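K.L.:
Below are the chains, spelled out letter by letter.
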Amino acid sequence: MASRKESATASTAVMAIPAGTLDSPVNQIQIEGLVVLKIIKHYQEEGQGSEVVQGVLLGLVVEDRLEITNCFPFPQHTEDDADFDEVQYQMEMMRSLRHVNIDHLHVGWYQSTYYGSFVSRALLDSQFSYQHAIEESVVLIYDPIKTAQGSLSLKAYRLTPKLMEICKEKDFTPEALKKANIGFEHMVEEVPIIIKNSHLINVLMWDLEDKSTVADKHELLNLSRSNHLEKSLQLLMDRVDDMSQDIVKYNTYSRNVSKQQQQKHQYVQRRTQENTQRQSRGEPSLPEEDMSKMFKPPQAPPRMDTLLIAGQINNYCQNVKEFTSQNLGKLFMAEALQGHN
Amino acid sequence: MSRFFATGSDSESEESSSADEIISKAPGGNFKQSLLISDDEEDTKRIVRSAKDKRFEELTNLIKTIRNAMKIRDMSKCLEDFEQLCRAFLKSKTIVDKEGVPPFYIRLLADLEDYVNQLWEDKEGKKKMNKNNAKALSTLRQKIRKYNRDYETEVAAYKENPQESADEEEEKEAADSGSSSDSEEEGEEEVMSAKDFLKKKPEVIQDASAFLKKGSGDESSSSSDDEDGEDWGSDTVDSGSESSDDGEGKHASIAAVFLKKEDKPGDKKLGKKKKIKKKERIEEEAEEEGGEAWQEVKGGMVMEKPKMFAKGTEINVPVVVKKLNEILQARGKKGTDRAAQIELLHALANIAAENNLGEGITVKIKFNIIASLYDYNPNLAAFMKPDMWKKCLECIDELLDILFEHNDIFIGENIAEDSESLIISDQPFRVRGCILTLVERMDEEFTKIMQNTDPHSQEYVDNLKDEGHVCGIIDRLLNYMETKGSTEEICRIYLRRIMHTYYKFDYKAHRRALGLPVETKSEQDQEESEGEDSAVIMDRLCKFIYAKDRTDRIRTCAILCHIYHHALHSRWYQARDLMLMSHLQDNIQHADPPVQILYNRTMVQLGICAFRQGMIKDAHNALLDIQSSGRAKELLGQGLLMRNMQERNAEQEKIEKRRQVPFHMHINLELLECVYLVSAMLLEIPYMAAHEFDARRRMISKQFHHQLRVGERQPLLGPPESMREHVVAASKAMKMGDWRTCHSFIINEKMNSKVWDLFPETQRVREMLVRKIQEESLRTYLFTYSSVYDSISMGTLSEMFELEIPTVHSIISKMIINEELMASLDQPTQTVVMHRTEPTSLQNMALQLAEKLGSLVENNERVFDLKQGIYGGYFNRDQKGGYQQNKSYNREGRGGGYQQNRGGYNRGGYRNQNYQNHGNQGSYQNHGNHGSYQNHGNHGSYQNQGNRGSYQNQGNRGSYGNRGNHDNHDNHDNHGNRGSYGNHGGYGNHGSYQNHSNY
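Same order as they appear, the protein sequences are chains A and B.
Everything in the first sequence is counted per the UniProt record's numbering, starting at 1 for the first residue and increasing by one.
Everything in the second sequence is counted per the UniProt record's numbering, starting at 1 for the first residue and increasing by one.
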């Protein structure tokens, strides 16, 4: 991700818009059909299973609307060709695109996901570096599995300003997070998406819909999706395990802190007692000692990971909820149909 | 070394060990034999030679070190060694008197004096010396001057003509030591080599002549020096000179060395002439040199035997007793030869017998003979030698003979020495001694012998044949004790008898029980088969012990042996009941290790017995402890595990070795493991099938799982070879419900020869096993594949598993009753109808998730608890006076209605709560009475009233909206989504609530 960060900073030079000068925050994202198709195609050609594909989004901000008009993929690169220069690649790509008069402004990136598991440290880091450099950057998350089930799943996210501040300070201790008053639900915000096509394409679509047979739409009505649910549950369980571990870690930390606090307290009391005794005897009181040196506070576990896990769990839950509600709907419908027949 | 130990040179000879052990040992070994055969005069001659060699060698060694010290000008070392040399020389005075002052000694004296004087004159050098050395030099100078005065003539003679004298002496020496035929040659050779030596190396050595003399001295004094040659590299020089000589010379010199080394056979011939003259000297030497035990003993024997009783003394009981005591006094003392003592005692016994002194004295002497036989080995670890053992058995037999013949002999340990009556009179004999202890000791010795014999050798078999003899003795003693002994003694001897019986399978009784004719091959067999069954004997003996014994240990052992015996003979219920009645499981860990080993053996035997009877679960339980540790070998006392030395030092190892069970009593470990694994398989596979989705599935047998994993890890699966692989392969087949394959893996040629044929009732066990495999496979099959079937015919199942329909029926019924199988039986069609109530994998997963979430919540609450502890003051930040006023009201309200409403919660906490005091937190263990509660008391609000403070906190906030400071606790935000707010309804009619809403 480091390289991506670099690329982001590098691209600022290209971008004419300096950070923090947006008149109004982006409220809406308008995606060209072309971009959607390109992303889907990218995944279908290169991604398999849990592998993730990524790419760069190009476009520009118009009023409170971020228009994404084009994109290009990052090549999948293996460990072998470590000398592959991503920055170079991006710059080259954008320059070439400019030559053919395509929008060449960097406005974010896209990534595919596996059963909705994308809330990770890596994503956070790279999105942070994007947003740090280009304020309006978003990440488009494409879920191929859901799409394969018949409903296109494409979502745009960006980090909240709060999280941006925390990330800027790089202070993930419990205290700092508490001060910032950030919960998992405040970490990222979803930006509504509009997919825009030219009228010609719309016309073609209508035309195609008329022609398509009923069988093509059956995909949507398929009921047996327990496999999907199982997978989700499995992933959810893993995350819950992680969460449990983190909590246990935090628990030990707090216990240690409180123990130390007690010790400190006792020590101070002893000290003052002795001092009063000494004073009554007319002796000089003991010199002050550096408490922080004597009682080094234990290392606090970083809480960001926990937050991320919580966010991910939330995500899974949303997924499951969505999925089950859809399925329930289908089941009711099927029942009604059956009763009707 | 070990060779000599093995042939039994006494330990004393070890003490005399010097540079050349071979020389001093070899005669020792020979002597040992001669002691047993005859008193050969030739031996005495050899002793002399050896003594002289030894002394001289000591001297030469010292001389060598002195010369070394001289070379490096270390005066203090020189002085020290010189003093030692003087002392050593004084010691060997007898030899010197006989042989004359050894020339090499004179040579050294002369050289040393010269050397010292030379140093003394060298003022420059002296100044350079350090203080110690200078001091030593002056002392040495004075000493040597004084000392040399005694040897003035010799030294002078030497100084006059060093070389000639050396040659002369050399010749003399060689002639003296060599055999008559070889001596010439040898002498020449040695001189020659010495001369060569001189010629070749004069410039190297400081003092050529001295070296020459020393060299020749070395050679003449002891052949071993030739070999050792550690000094001045004389070895290489030697060989160099030899190789330059012609072959004959070389050969001769080798021969010389060889001759000297090899027991000096020539000496015998030569010695004969001198022997008479020398004999006196031998005696002197013997006395002087306590270290040479064999020598002393030899002398002692020769002299003492006639001396035992002076000629003409009337030999009567008191005299013999006196003599006996005399002999016994030497017992245990260092330097006493135990073998000789035994001989003496035998002789004494013979004398007593010859003179008809009566049985009393014979018995007494016999006791002592046996005792000294036991004493023969210096430490507990060593075991008796076969001849000793034979002798011991004979003695005990004889003793028992006497005791049986003469009913009027009283023996006992508590008869005082002076109240013994050994003289023939009307009164019965009273002898001090305990035959029981002797027999017990004998039994232990027997065990020791068996422990120390290689179990796979013929020797072991031969030794094992003595077992009958031992048993015979024990039996005889048992008979004797039954008439004469006290109860405790009877118990002890009974236990001995039991110990020799419990582990033997009674084939005769077994055959008889089966109704087969008992084959009798010989008279003896006939006799034996007519005897009681071992079961009857065991029963009788053990019951006596249970009734009469007062020491816990004997009873424990007897019980264990009894159980073992029962188990061995497949009397499972008796064995099990006895085991359960004894309550040994509870306190066996307090017993001493041998008893624990016996306990382990018994448990294992019990388990195997249960297996034979088809009690798989019992078998598994009995074997679990032993097998799960992975140290079965050690726990059963059948061998030591290889462990690093930190865990066990040599001492411990010795102790552990002593605990080992002799090989013929071993329980076959492979059989044990196989029985365990097969039992585990029969239990575990259906269990695994039944609990496939259970998150909290426990393992029945860890070891079995381990074996399975090992099997899975194998990259290439060939046909099973070892017993374990067979079981693993069978388990895999069973998992699929394929009983035929499972059967063929468990019972086949290989497994038969390895395991199953070891059981007495092989066929029956195999049949049982097949049946078990069929049943368990059926169960596994039903567990695994029930979801595939809507219904299944019992006829088909019965066909598939080759079980009768009633059996299938009963198995399935049992499964249904135990709720293992969700199905019902349809009687008319003889089918099993599945109910399909098992959760699907998705449901299983949801259950698992719920469980995990539960633990997550718990963890989270723990964090919250702690948080309240630390940040006790945190919530008080926005405290307002008005709240506090309200609080008193709250308390009242809560005291009444609230507690009633929340009956299920831990009210005690509420009642006692001091709402303001944060220090009390320790007492709230229950989450319901969460610390946060108190703090909120200060606000007068009920935010945490629910038992789950953390849950309801949020909810309350929403409903009351009176929380100004709430934004401060971010962590509470997390709870917003939690679901369990249902309890809230109860709050509505709460008095305090209404009040609350006022603010």
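These are calculated hints, taken from the structure and not from any lab test.
Keep in mind it's a predicted model, so treat the numbers as computed, not measured.
Careful, some of the hints might be misleading.
Now the in silico label distances, taken between C-beta atoms and shown as ranges [as the list claims (entries may be wrong)]: (1) B:GLY630 with A:GLN326: 49 to 57 Å; (2) A:LYS264 with B:LEU640: 53 to 61 Å; (3) A:LEU286 with B:ASP592: 53 to 61 Å; (4) B:HIS590 with A:SER285: 57 to 65 Å; (5) B:HIS590 with A:VAL248: 19 to 27 Å; (6) B:ARG836 with A:ALA336: 21 to 29 Å; (7) B:ARG836 with A:LEU337: 20 to 28 Å; (8) A:LEU331 with B:ARG836: 14 to 22 Å; (9) A:GLU335 with B:GLY630: 54 to 62 Å.
In silico DMTMM-like cross-links for lysine to aspartate or glutamate, where the CA-CA straight-line distance does not exceed 20 Å [unchecked claim]: (10) B:LYS852 with A:ASP238; (11) A:LYS231 with B:GLU343; (12) B:LYS633 with B:ASP454; (13) A:LYS178 with B:GLU861; (14) A:LYS249 with B:ASP865; (15) B:LYS735 with B:ASP757; (16) B:LYS504 with B:GLU488; (17) A:LYS38 with A:GLU92; (18) B:LYS131 with B:GLU154; (19) A:LYS249 with B:ASP466; (20) B:LYS91 with B:GLU58; (21) A:LYS231 with B:GLU692; (22) B:LYS852 with A:ASP241; (23) A:LYS178 with B:ASP865; (24) B:LYS143 with B:ASP114; (25) B:LYS465 with B:ASP387; (26) A:LYS259 with B:GLU113; (27) B:LYS548 with B:GLU489; (28) B:LYS322 with B:GLU343; (29) B:LYS852 with A:GLU230; (30) B:LYS852 with A:ASP246; (31) A:LYS321 with A:GLU190; (32) B:LYS702 with B:ASP618; (33) A:LYS249 with B:GLU656; (34) A:LYS259 with B:GLU861; (35) B:LYS772 with B:ASP790; (36) B:LYS852 with A:ASP242; (37) B:LYS617 with B:GLU851; (38) B:LYS465 with B:ASP475; (39) B:LYS71 with B:GLU113.
Yeah, the Cβ is synthetic: ideal placement off N, Cα and C, and Gly gets one too.
K.L.:
Could you work out which earlier hints the structure fails to respect and list their numbers in ascending sequence?
P.N.:
Violated hints (numbers, rising): 5, 11, 15, 16, 18, 19, 26, 33, 35, 37; every other hint is consistent with the structure.
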